[in-house]
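**Q** So you can see what is in the structure, the chains are spelled out below.
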Amino acid sequence: MKFLPGLLAFATLAGCAGGLSDDEARQRAERVFRESFSHGNRQMAAKVEQQDEVQALCTRYRNEPPKDVADGIERSQAASIRYPASGKLLGDWRQGEKIAQDGYGLRFTDPDTQRPNGGNCYNCHRIAPAEISFGTIGPSLARFGALRGTGEATQRYVYGKIYDSQASLACSQMPRFGHNGVLSEAQIMHLVALLLDPESPVNK
Amino acid sequence: MPFHRLLAGMLAAAVPCVCMAQQDTQKEVERYRQLLAEGNPADLFEARGEELWKAPRGPKQTSLEQCDLGLGPGVVKGAFAHLPRYFADTDRVQDLESRLVTCRVTLQGFKPEDAAKNPFSAPGRASDLEALASFVAGQSRGMKLDAPLRHPKEIEAFQIGEQLFYRRAGPHDFACVSCHGENGKRIRLQDLPKLTDPGDARKIFTSWPAYRVSQGTVRTMQHRLYDCYWQMRHPQMDYASEASIALEVFMAKYASGGEISAPGLKR
Amino acid sequence: MADPMRIRANMAGDKVEVRVLMSHEMETGQRKDASGAIVPAHFIQNVTVTHAGKTVLSAQWGTSISKNPFVHFRFKGGKPGEKVTISWVDNKGERRTDEVVIGGG
Amino acid sequence: MRRSRREFLQAGSGAGVLALAAAAGLVRPGEAFAQQWNKAAFETKSFADTLKALGGSGSTESAQIQITAPDIAENGAVVPITIESAIPRTQTIAILIEKNPNTLSANFDIPDGTDPFVTTRVKMAETSNIYAVVKADGKYFHAAKEIKVTLGGCGG
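Residue numbers (this note's numbering), protein chains in the order written: chain A, 473 to 676; chain B, -10 to 256; chain C, 573 to 677; chain D, 5 to 160.
Rather than coming from a laboratory, the hints here were simulated on the basis of the structure. Careful: at least some of the hints might be erroneous.
[To be verified] Dumping the calculated DSS-like pairs for lysine-lysine here, alpha-carbon to alpha-carbon at most 25 Å: (1) Lys604(C) / Lys143(D); (2) Lys664(C) / Lys49(D); (3) Lys56(D) / Lys43(D); (4) Lys133(B) / Lys66(B); (5) Lys174(B) / Lys570(A); (6) Lys651(C) / Lys626(C); (7) Lys149(D) / Lys664(C); (8) Lys43(D) / Lys152(D); (9) Lys676(A) / Lys103(D); (10) Lys16(B) / Lys43(D); (11) Lys43(D) / Lys604(C); (12) Lys152(D) / Lys103(D); (13) Lys604(C) / Lys106(B); (14) Lys56(D) / Lys16(B); (15) Lys604(C) / Lys103(D).
Please read all numbers here as calculations on a predicted model, not as lab measurements.
Isolated chain A (complex conformation) (with noise of 0.2 Å):
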């Protein structure tokens, strides 16, 4: 709060000065967007100059929807939920550890071949304890499976979560890695392992 009077002293000399007004300032901020990653990757820029709807309705409110904006966005966002036809959603959680370490993929330097995406999972969570350097970002997985139960309803739960985060928390700070076609269904299902399977160390 110590910031507030600032913010107001800030808020006063824009009106003063003209300033731009919210939806000038998201114009100019789009243009200016466009302009700045003119010589990087044509495909790359194309996507990320595109919001998409979720996108879009989050960076309007700043993470924090209205209600009715957020349960629209959980609806929409589990309805593209698609879940393995197998039925069967335990992968290997050796595999999904692998997976969960891994940081690379989608990444300008990073070379179109056929090496699958990492998830990245330790950079915000705590997961195996052997691993001391997690992120915090997101809660600590540690003891996942022992502490929530490894059934199948937890198995479709988390295959979920991880497949589009915002089905059941709007603009959450999580990817959406299935949905953004980021992880494979197999993929998935390692990671779903990796929480929920007894004989994963997240579980020891």
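Use these hints to put chains B, C and D onto chain A, whose structure you have.
**A** Here is chains B, C and D on its own, set in the frame of chain A:
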């Protein structure tokens, strides 16, 4: 109930041991940083930057000593403490690096594309702009950052920067705020400043450019932003682009009053 | 030619405290460049520090000393105003010598 | 012992830097170095082999050697290490890193009048034991410390 709240409750039992391990790790990482602090290789870059600043270069074989960094031609001391700012001669808001490019063009006669060439070093390939930025920033060390929004274009830049800070896009749905919107968070072991919190912003924004031990080189604020967008799965951000400067103006507003410690020393 | 070292030598009690940063890539010979080619080893092998004609520290280094090396040590017998000279030579025969005047405590 | 960076710079920007500038051209090709480079020792792959290459036939663990280093290094490219020996007549201090491709990192000669103390920074390929090997009065002593190397940033 949202997943993360549910989890927080469920995991309460496991928390004590988690915290203990986390505290030990944090303490050791802190010690690592302290042990490094007694000799910052950024010194080497500052020294090289000072030489470059004074050396006649470019088609006009002129030094940069008469460069106007905002406090008038030839004034380096304290100039970095008031950047980014509006410059009448270019009629735009400029940060340190964009201004260095301008001076290389106007004073030394470089073509704009040559003046902005090789902005980031790589192993075995030093960058003059990096060294120059280290030198100029070091000339404001210990001073307070004071970049008020006076000119209408500075106010507009702040507003544009603010919009960009929250703009989510790309395959990971990331925006700047994804990592820099809350206090006390980290990526892996790296602490993340909440850039709209003056407490964090004053400490962090003012420590760039900084020597990155993981990179073995100084990285500038432009490089920091370029790298953030790389991690965000965006394309290459143009050097000294309007978006980068708008974001700097946005951050500088919250960081104002912070003591400049640049060039800093980081992981 | 390599960039100058940054040397600091100051009295601490009856000893001279020396800290030096050297500008050097310290290539291991194991790193690959963007095209996948091995970057040849390039690293400082010998460091010698002298004061008043006497060696006060010498070192042999391998490739695992960090890029832009840092050394801190102390010796007896120096006085403010006297010089400390530091030299290095790398595996390609490149050399650099710099000196500094000992400062007060 | 830790000094702020500012002190470092202030001291460095006084008389020191002037002398340094004056010395900048003083590179004398052919200047003799006090010692050779022990190629064989720097190619060894284990503690025992390094010790042998340095001229030792055996080594005693000693509590009089102190290694100051972080338990966890945020980045293996730069790991700060201080070694201090309280063993009388310390002649050399070597730094060995068990799991690096080559074990020996550095060997410092400590003449009379120089403290048996040195700080430097080393690269570590992975979590590993590091050894400080001290030669004192012709005999070899050592101490060990494990340093964990972690992935500090966004990772790759």
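**Q** Given the proposed pairing of Lys16(B) with Lys43(D), does the C-alpha separation stay at or below 25 Å?
**A** Violated, at about 39 Å.
**Q** Verify the proposed pairing of Lys651(C) with Lys626(C), using a straight-line Cα cut of 25 Å.
**A** The hint holds at about 14 Å.
**Q** Holds or violated: Lys664(C) and Lys49(D), Cα atoms, limit 25 Å.
**A** 23 Å, holds
**Q** Are Lys604(C) and Lys106(B) close enough, with their CA atoms no more than 25 Å apart?
**A** 24 Å, holds
**Q** Are the Cα positions of Lys56(D) and Lys16(B) separated by 25 Å at most?
**A** It is violated: about 38 Å lies between the C-alpha atoms, which goes past 25 Å.
**Q** Next pair to validate is Lys604(C) with Lys103(D); report whether the Cα-Cα distance is within 25 Å.
**A** Holds: Lys604(C) and Lys103(D) sit about 20 Å apart, inside 25 Å.
**Q** Checking one constraint from the list: CA of Lys174(B) to CA of Lys570(A), max 25 Å. Satisfied?
**A** The hint holds at about 23 Å.
**Q** For a C-alpha distance cap of 25 Å, please report whether Lys676(A) and Lys103(D) respect it.
**A** 29 Å, violated
**Q** Would you check the hint for Lys149(D) and Lys664(C), treating anything up to 25 Å between C-alpha atoms as holding?
**A** Cα-Cα ~33 Å, so violated.
**Q** Are Lys43(D) and Lys152(D) close enough, with their CA atoms no more than 25 Å apart?
**A** 28 Å, violated
**Q** If you draw a straight line from the CA of Lys604(C) to the CA of Lys143(D), is it 25 Å or shorter?
**A** Violated. Lys604(C) to Lys143(D) sits at ~40 Å, over the 25 Å cutoff.
**Q** Take the C-alpha atoms of Lys43(D) and Lys604(C), compute the straight-line distance between them, and say whether it is at most 25 Å.
**A** 23 Å, holds
Violated hints, listed in ascending order, are 1, 7, 8, 9, 10 and 14; each of the other numbered hints is respected by the structure.
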